[in-house]
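Undergrad: Residue numbers (this note's numbering), protein chains in the order written: chain A, 150 to 512; chain B, 2 to 391.
For the record, the hints were derived by calculation from the structure and aren't laboratory data. Remember, predicted model here, so these are calculated numbers, not experimental data. The beta-carbon is built from N, C-alpha and C at its ideal position, and this holds for glycine as well. Be aware that a few hints might be false.
[Unchecked claim] So, partial list: chain A residues that the calculated Cβ filter (under 10 Å) puts toward chain B:
hint, residue
1, 179
2, 182
3, 211
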Amino acid sequence: MKVLAALSGGVDSAVAAARAVDLGHDVTAVHLALSSTPAALRSGARGCCSLEDARDARRAADVLGIPFYVWDVAERFGREVVEDFVAEYAAGRTPNPCIRCNERIKFAAVLDRAVALGFDAVCTGHYARLVDGALYRSRDAGKDQSYVLAVLAPWQLARALFPLGDTVKADVRREAAARGLGVADKPDSHDVCFIADGDTAGWLRSHLGSQPGPIVDARSGAVVGAHDGAYAFTVGQRRGLKIGRPAADGRPRYVLDVSPVTRTVTVGTAADLDVSSVSTGRPTWCGPAPALPRDVVVQLRAHGEAVPASVAAQADGGLRLALASPARGIAPGQTAAMYDGDRVLGSATIERAVAGRSVEDNS
Amino acid sequence: MAYLDHAATTPMLPAAAETMAGLLGQVGNASSLHATGRRARRVVEESRETIAAALGARPSEVVLTGGGTESDNLAVKGLYWARCGVDPRRRRILVSAAEHHAVMDTASWLSAHEGAEVVWLDVDEHGRVAPAVLSAAIAKAPDEVALVSVMWANNEVGTVAPVAELAEIAHAYGIPFHTDAVQAVGQLAVDFGASGVDALTVTGHKFGGPLGAGALLLGRDVEVAPVLHGGGQERDVRSGTLDVPAIAALAVAVEIAVKEQPERAERLSELRSALVSGVLAAVPDAQLNGDPAFALDRRLPGNAHFSFPGCEGDALLMLLDARDIECSTGSACSAGVARPSHVLLAMGHDEARARGSLRFSLGHTSTDADVDALVAAIGPVVERARSAAQ
C-alpha cells in the first residue's frame, strides 16, 4: 500500500512509520504544520507545533529513509480546532481538541488529500488497534487512545493504520532506541498542543477577554465568590475557585455548572457532581450502527473510567445513556465513547448531564 | 533521476572538487607569516586573481565571503551604514520587490532596527524593474538614498535586469548600486567592470563550485562598513580565517563556468525551449511565468517557471519527487511550509497562481533525458494534483 505517515516529531509516530515501512508499505512522511507562526523551540512537554518538532520529524524520516514533506494545515487547524475550542468554552462547554483534530484534520483534511494524491492509508502513532476494520482499545491500557479516535466513521477507519496498538509504550521507546531514532527519549506530549505554556485559563482569557461574574452556591443560591471569566472553569474543577467564605459544611466546593449567558459559575459538594445519565447529540458509529437500546461500557473523558451503561435512542436523533453507577465531572461538550468490551462502538457529544445518585434516583 | 533544480544548487565540477579535496589535508592560515601561512596565502591570492579575471574585476575588488547570503548582507548593511555614516539623511534603501530574501530581509531588518526606510521598486508583469521606475524613485529625494539593490537575474522566474542601465541611473546621483548576480554567473556574461555596478554578489555552488564559498565584488573606492568584525581579513570588511580549499575550488569553478558560458547558454536555451514547449503541450492551460522572450538579455537560459491552475505547488512537487523528478516551488519557511512566492505576487499574479507554481532550472549536467522525463510525467501529475486540490 501507499501509506502517508503523519510524523509529529514524537517517538510514537516515528515508530509507527518505521513499522509501516517494515510491513512493506511504500511510506511517505508528512509533518503537519498546525501553526502559521511556529515557535523555534519546544517548551516543556508540549509540542507538535514548533520548528524543533518539525526537525525531529524530519530526522526520523531521514533515519527511516523515507520522503518527508511539511503540509501546511495551519489555516484549517486554526478554524476547525482552535476556533472551535474557543467557541465551545465560550458556550460553557468542555471540548476535546485532540478529538476535533482527528475528526476534522488528520482523518478528514489530511486523509482526503492523501487519497486524492494516490495514497491508500494514513498511518499515525495512536495507541489503538484495528482488527478487520473495527477499532479496539490498545494493549497498553495506560496509553490507550481509542477514546480520541471514537469519532471516526468506518470509511475513515478503513484508511487508517495504527501500528502501535499491540505494544506498550515502554517497548515503543526501546524499539525507537534500537532503530536509532533520536526521539526515543523525547518526553510524552501532554495537554493542548497549541497552548504553549499549558495555562488554558490564561490562554482563553487572552482570546475571550475579561468577563467577570458571580460564583453561586448550588444549595443556598448565595453568591460565594467572583470570577473573571466563566470560560476558565470546567465542571468538576476544584482548584482556583478562590471562594472567600468556607462552605457551611466545611467540605470542598467543586464547579457544578458553567452558564456563559449569565456568566454564572455554580459550585457544590463532590456529591453534587454525581451524574446518573447523559443525553447526547447524534452519534458517530465506528462500524455498523448497533441495535438500540443495548448495554455498553461508556467512557466520558480522555482518561476517565469506563462505566457500564444502557444506551437508548432519543427522538431527536441523539442518545440517552443511563449510567449503572454515577460518574463525576461530566460536562457538556465532552465526548461519550461507547465500547463493547474493548471494541469501540462509536461516540457522541454530551449535550446535557443529569444529576443524581444513581439511575434509580432518576427514574 | 531528473535533477531540475540547478538554481538551488548545481553539482560541483570535477576539477573544482579535485582541487578542494587536494587541499583539504594541507595546513595553512593565510594570515600567518611563516612559510606554511605564505603557501596558503599564495593559493588564496592566485584564486583571487582568477576570480577577478573571470568576472572583470581587479583582484583588490574581490572580497571573499561565505556565500551569497553573506555577500548580500555585507553589501546592503555595509553600504547603508557607510553611506548614512557620511550623511545621516541617507536612510532610503531602494530594493526591487522581486529580490531574494537575502536582500529583502536584510533591508527590512535595517528598517526595523537601524532607521532605514525601504522603498520597494515595482516590477512589471515579468518581474523586471523598469529604468523609469528607478529614476522616479530616486528623484523623489536623491539626497536621502543610501543605496540601490536590484538583482541581475531573478532566482525564481529567471528575469534578467538591465543592470548597467539601472547602475548608470543611480550613479547620475552618486548613489552606489548593488546587484545579486548569484543566478547569473555561468549562465550569462557577467563583467563587473563593464556593468558599472559598485557591488556584486556571487556564490560558488550555483556554478559548480563549493557550497559556503562566495564573494562580494566591491569597487575599489566603494566604502562599506564591516558586518563581521575580527582579524581584519578581506579589506577589513570581512574578518575570518580564509577557507583556502573552498576558495581555490571557487576559483577553478568560476574560471571554467565563465569560459564555457557562451556554449552552455546556447545548450541550456535549447533544452529549456524543449522543456517549455513539452510542458505546454502536456498541460495546455499551464502558464509560463517570467519573460516570454527567451533572449539572454531577457531570461536565464536554464530557467522555466510555470503556474498550473487548480494545483498546489507542494502537491506537484511531491508527486514529481515520487517519480524521481526534482524541482522546487517558490520559497519555503524554515519549517518547510510552502509559501506563495513574493516574486509572483510582486509581478501582479494572485495568490492561487503563486501557490500553484513550480520552477524547473537546468544546469551543466542537464540532459535531454531530464526534460523528456518531466514532459512524460507532468500531465498525469497535474491531473492528480488537481483532484487533490478540490
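Undergrad: Does each hint hold? Answer for all of them.
TA: Right, here's what the structure says about each hint:
Below 10 Å, beta-carbon pairs count as interface contacts, and residue 179 of chain A has one with chain B at about 9 Å; its hint therefore holds. For the restraint placing residue 182 of chain A at the interface with chain B, the shortest Cβ-Cβ distance is roughly 5 Å, inside the 10 Å limit, so the hint holds. With a cut of 10 Å, the hint placing residue 211 of chain A at the interface with chain B is violated, because the nearest CB-to-CB distance is about 13 Å.
The structure fails hint 3 only (numbered hints given earlier).
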